[in-house]
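**Student:** Take a look at the letters that make up each chain.
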Amino acid sequence: MAYHTQFGSLRQYQKGGVEAIRDDPRNYAFTNIFEVASKAERWERIAIARNLKYVVEVVRAEGTSPWYACAHDEAALVMDGEVAIRLVKPDIMIVSPEHEGATLLEGDPRGRAMGQIKSRRGHMALLPKGSAYQFNSEQPAVILIQTIAGDLTVERWAEICQK
Amino acid sequence: MSGKTTQAMNDAGYQSFILGNYIFKRDEYFVHVEWPNGGHILPADRFLKALMRDVAWNFFYGIVNFDEVFGTANHYGTVDIFAGSYNASYRDTGKDHSETFDSETARHVFEAMLQDWTNEGFDPFAAPGETGSAFGPKRGSNENAVKRQRVTAKRMTGAADDTPLRNDMNGYGINRQFADVPQDEPEIHAEPGFEHDVHAFNLFAYLSRSDVTWNPSVCSVVKDSLFCPTTEEYMLPVIHGNDRVEWFIQLSDEIHWEVADRDTGEARARVIMKAGDVAAMPADIRHQGMSPKRSMLLVWENADPALPELYASNKLKANPIAF
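Chains as they are written, first to last, in our numbering: chain L, 1 to 163; chain F, 1001 to 1323.
Calculated directly from the structure, the hints in this document are not laboratory data.
For each residue, glycine too, the CB sits at the ideal point set by N, CA and C.
It is possible that part of the hints are untrue.
[To be verified] Derived contacts from chain F toward chain L, CB cut-off under 7 angstroms, selection only:
(1) Trp1057
(2) Asn1058
(3) Asp1277
[What the hints assert, rightly or not] The list that follows gives simulated cross-link-like pairs (lysine-lysine, DSS-like), each with its CA atoms no further than 25 angstroms apart:
(4) Lys1315/F - Lys53/L
(5) Lys89/L - Lys1315/F
(6) Lys1223/F - Lys129/L
(7) Lys39/L - Lys129/L
(8) Lys163/L - Lys15/L
[Said to hold, decoys possible] Calculated Cβ distances over 10 angstroms to all of chain F for the following chain L residues:
(9) Arg26
(10) Ser65
(11) Gly107
(12) Met124
(13) Gln139
(14) Pro140
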């Protein structure tokens, strides 16, 4: 028997949902990554999951992003499309070690090139602490970022969650 | 409270086990759990699959219900082994029973039980379609299956000095139900001196080569934020009662979750998740999932050890998002 593994994408996805028996669907903060990304502005980092200070952000990747920096590790999981990630080690500390969440940089960071990753659906990349990083995607793509809520985290739960 | 094996084998060839005032026995089809003034019976396959998770996860987060009556509740250093504590009928009539053990003591007995009661050809971590029968008189053992270690990355799977990737060479072939999952790797170009920091891997390919089901394993870490993806097929063999909020992100295919009140078992909701769906599991529920085809699920946990007490004392709300 041949099995077909079903993945979602911006072009095609199905959405399940909460069938409340004795509950409120809002308790489950139910969303779909591709639905949120399809309505997002490019490079917005929209929280689709939050556990106290920790968040999972969904990003619609299209074109070239700004540069970001973060004092702690983050992880980027490509859920659709192809994304290139450039990494730079800044010459000076850009973000305080205690600061949590990603910081948006103005312009290009000065520092040593660390390398580049070209990733596709299903690939998870380390965004290492203390580095600056930039995304590039020629076609619309979707990234999930495991991080801590910060200055760039956008929360619009009432808009995106099942009610 | 201490535990021991009776060393006496029954007619089916299995040992019995004593832990505190509990006596555990198994025959060809069933496991019998006895305690003062009470007892319960479970199918042997169901018991062993749940027991496997309890042992592998060191009693996991919160409550591991083997069924609607029997289970364990983790207090992270000690563990309650209970009968009826989270069943409204048992509790309301005073028929429930619970004993607290040092976690290592309880785990030691559970490991011995799992080893003696798991027969050759049966893998408690496998889906029914890919393993043999748990039933019948004792025949051989399956140490390779029951002694698996849970995968716990420190930073990210495949990173320097971290948990390894999976491939045909190290014994992880592609699962039959994920034969169509692309195995391409990211292109990594690291400048000299940055080889340890410039890292990526194909998570979906890694998951396609998992040889277990319903076994969240840490793949990426951001302080207490743990991404614990897992592959699921058939039914979660435990009913997991939360002691903190967790989140599910459906990476592929679909899972249907039956959600009930953690303490009473009263049905609350049915949550159907398809590829790309995201749902919170509140801190006051229990849940059991059903995956018609092998699927990939990202379980997202907050490992902060202070959380159970904060939720239990209502200092934190059970639902993570208010809107």
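**Student:** Confirm or reject each hint.
**Tutor:** Hint by hint, here is what the structure shows:
| no. | hint | in the structure |
| --- | --- | --- |
| 1 | Trp1057 | violated, 19 angstroms |
| 2 | Asn1058 | violated, 21 angstroms |
| 3 | Asp1277 | holds, 5 angstroms |
| 4 | Lys1315/F - Lys53/L | holds, 15 angstroms |
| 5 | Lys89/L - Lys1315/F | violated, 41 angstroms |
| 6 | Lys1223/F - Lys129/L | holds, 12 angstroms |
| 7 | Lys39/L - Lys129/L | violated, 30 angstroms |
| 8 | Lys163/L - Lys15/L | holds, 14 angstroms |
| 9 | Arg26 | violated, 6 angstroms |
| 10 | Ser65 | holds, 17 angstroms |
| 11 | Gly107 | holds, 21 angstroms |
| 12 | Met124 | violated, 4 angstroms |
| 13 | Gln139 | holds, 17 angstroms |
| 14 | Pro140 | holds, 15 angstroms |
When each numbered hint is compared with the structure, violations occur for hints 1, 2, 5, 7, 9 and 12.
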